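The listed protein sequences derive, respectively, from chains A and B. According to our numbering, the residues represented by the first sequence are 1 to 583, in order. According to our numbering, the residues represented by the second sequence are 1 to 328, in order.
Please note that a few of the clues may not be correct.
Claimed, not checked - Mimicking DMTMM-like on lysine to aspartate or glutamate, the simulated pairs with C-alpha atoms at most 25 Å apart in a straight line are:
| no. | chain 1 | residue 1 | chain 2 | residue 2 |
| --- | --- | --- | --- | --- |
| 1 | A | Lys160 | B | Glu220 |
| 2 | A | Lys124 | A | Asp110 |
| 3 | A | Lys498 | B | Asp225 |
| 4 | A | Lys174 | B | Asp56 |
Think of the hints as simulated: they come from the structure by calculation, not from any bench. Note that this is a predicted model, so its numbers are computed, not measured.
So you can see what is in the structure, the chains are spelled out below.
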Amino acid sequence: MNKIKIGASLAACAVLAAGLTACGGDSESSGGTTSTAAYNAANTSVLNPSDKQGGELRFAMSSDWDSPDPGDTYYAFSWNFSRYYARTLVTFKNAPGAEGQQLVPDLAEDLGKASNNNKTWTYKLREGVKFSDGSEITAQDVKYAVERSNFTDELQGGPKYFAQYLVDNAGGYKGPYKDKAPAGLKSIKTPDKYTIVFNLNTPFAEFDYLAYMPQTAPVPRAKDNGLNYKKNIVSSGPYQIDSYDVGKSMKLSRNPHWDAATDPVRKALPDTISVALNQEQDDIDNKLMSGALDMDLAAGGVGPAAQPKVLGGTQKANSDAASGSALTYMTIDGRVAPFDNIACRRAVQYAIDKVSVQTSLGGPISGGDIASTVLPPTVVGHEEFNKYPSAGNAGDLAKAKEQLTECGKPNGFATKLTYRADRPKEVAAAESIQQSLGKAGIKVDLKGYPSGDYFTKYAGSPAFLKDNGVGMAMMKWAADWPSGFGFLQQILDGRTIKPTGNTNLSSTDLPKINKLFDRSTKEGDADARSKIYAQIDNLSMENADVVPLTYSVQLLYRPANLTNVVVSEFLGGQYDYVNLGLK
Amino acid sequence: MGAVVMLVIVSMVTFGIFFQLPKLAGQTTDQLAASYVGKAPTAEAIADVKERLGLDDPLAVQYGRFVKGVFTGQDFSNGPSVEHCAAPCLGYSFRTNEPVLPTLLDRAPVTLSLAVGASLIWLVAGVSIGILSALRRGTVFDRMAMATALAGVSLPVYFTGLVSMAVFVYTFRLWPNGVAYSDFTENPGLWAWNLVLPWVTLAFLYAATYARLTRSQMLETLGEDYIRTARAKGLPERTVIGKHALRASLTPIVTIFGLDLGLLLGGAVLTEQTFSLPGLGSLSIHSILSGDLPMVMGVVLLATVFIVFASLIVDILYAVVDPRVRLG
């Protein structure tokens, strides 16, 4: 697929956007649509395309939000749902497959314009877009939203990428609640009402992914009451929140000041949207199947009790096995003997029976697809390859023995594997790895630790691993945005290794890989960047210190009465909520 | 006076369990604070949260702050402005930043609806079945009733609840939109209709206990000399059973009813979870799971108040039921 061409056509689309709701919001031209419900139909096309308005779209979930405040939330489902009431500078395309991984302009007229070697990013806002209180949305409202979400002590729920990448004020900016000076964070400039300029401290080619985060959704300073803003959010999207009863429910109705002509992304079909919170998962699944509910908001897939009901009967046609963008894997620490010898690492790569690991993780549906690369298929930069193939993915003992001999350990060796003891599936996977490595003569001592301390004290402490001779660690990882950089940098860039809270569990620090990361941040061309990520993935697998086990998959259910249903790969395998409607 | 001492002890124990036990198990306040930050807690974020919630202060200081809040109110900074929570202030949730007392008052009606409805059903059903069983001791009815009661006592709510939902909601579709709580003030009919299943499920469990208890009490009483005397002096059987036997049998039932109701008012955790009712029970379970001390504290204190209050009512009812305690 040629991403440059699509990008260019999107830009053209944005220029013509006024009045054309087909731009960006509709994938009929390229992604394909279908009106026939079939298993996995929404993975590959937009199911039941429709423009019919009206009705109440009913969501439910088994927990509550961390916070619905766009500046204080970190869950993918929340970022997905927030687009009903919060418009960000850019957002992702409502389309199936790889097309859905693309960013399209939302509140901004176009994607960000980079200059100064990718260190300055400029966005031009659409004119005439209004808040639900009728006032016009300006660049200052976006600047304020970024400041409050990234620099205040109170709003700690969301990520802090802007604080990490933006040039800080001299002396350190303390956020708009403490620092009342009108200039605010000086590296965000608003030269006029509709222009916003971000000045970064380092080149960052993928800044658009930050501009997509709900933290760029405008917040009027006068209406911000910090931690309580979640209960009186001023909407910039097609719906406004009528009530948010913490722990119980949320109700949304149309925002009278939203103008479809300024919004190429959203169809805004239902008249009202309701969310029931803290509902039993089994009850949610049953209600979905009986038609008493339209969508499970948390998008974690149906529960174990409902899975056989969905897959075994007529309901199967109303479900999708959606690939998430998470990878379950095991790291090998090259600093711990005998893994300082690459052949010993490769012996492990060959010896593991990935089918049995997949089974212990819950089988192909909840356990996921068997993985052979670091990048999951739904992340930009993924290329399919397998450097350590075996018949039926069941492990190749002969090859493993060969590598062991090359490593100087023909009779195997002993090592330790850490895992999170309170995660039953991870425990089962670790035990399965212990078994298959045992067959090759590699004796594995299992070391389970509580997940609360896993990254602060154990697997995330390089010193702990080295001092205790722990050669291997179980890990699961998903990125905040679906690009190779977003996914790989925190787990493979040697400069991200931290003494505690480390996520680069293999302590991978290869100059070649580090250089590629640097190159990618300066590379303006998305296609070229994508190739760099594939290269990093290749180098990492060559280095054999990451053993990919499975790419996550979840079984999503969509009642037959829903329209415009499509699984978004951008969100890691959730339905894109923004255009859902009712038949 | 006893009630106040009780509340103080309960609040101290709750505080101690929340803060001290994890500490003994090796948890640091950093880890506690980290659970209130988003997915990727940074050191600064943790420090900010610790400071905002005062987690590093000595336990006595934190408890003192809580008690002071109850009597003088508490200030809460939401960022740009400061709010005042007037006395009696039970503080703000660590997790959602909601004030605790209004949240409790918001959830209490759900639990109250559930508990009162269910208790009426089980009291009427349990006691009448118990009396009938006692009077027809050894008959088929007695055996059937006691077998059902045994099942009722043995089956947990999350089993009977799920089975009843599977049958009545998802198979017969008596509630086409599922069971969801709706406010009494909005639509009393709908309120009652949506609570029928939870009421019956919960009542089934208790009715069983009450039926067995009433039966054994009645049998015991019916064997008493004064019953024989009453019958011998020619009183109609109605009066013998209704006035003499039943009254004497009721005393222990009133006691246990008061305590059961008090306990339930503090939250019927399993029933509320099974039927997704937003009451105090589900609030407490979610607060415990998310490590939300002020909310846990609030529910525990409210539950204590209910139990103390229920015990008081029971004491008063004794006087009504049993003339011997009237002058005591």
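Would you pick out the hints that fail for this structure and give their numbers low to high? Of the numbered hints given earlier, those the structure breaks are 1 and 3, listed in rising order.
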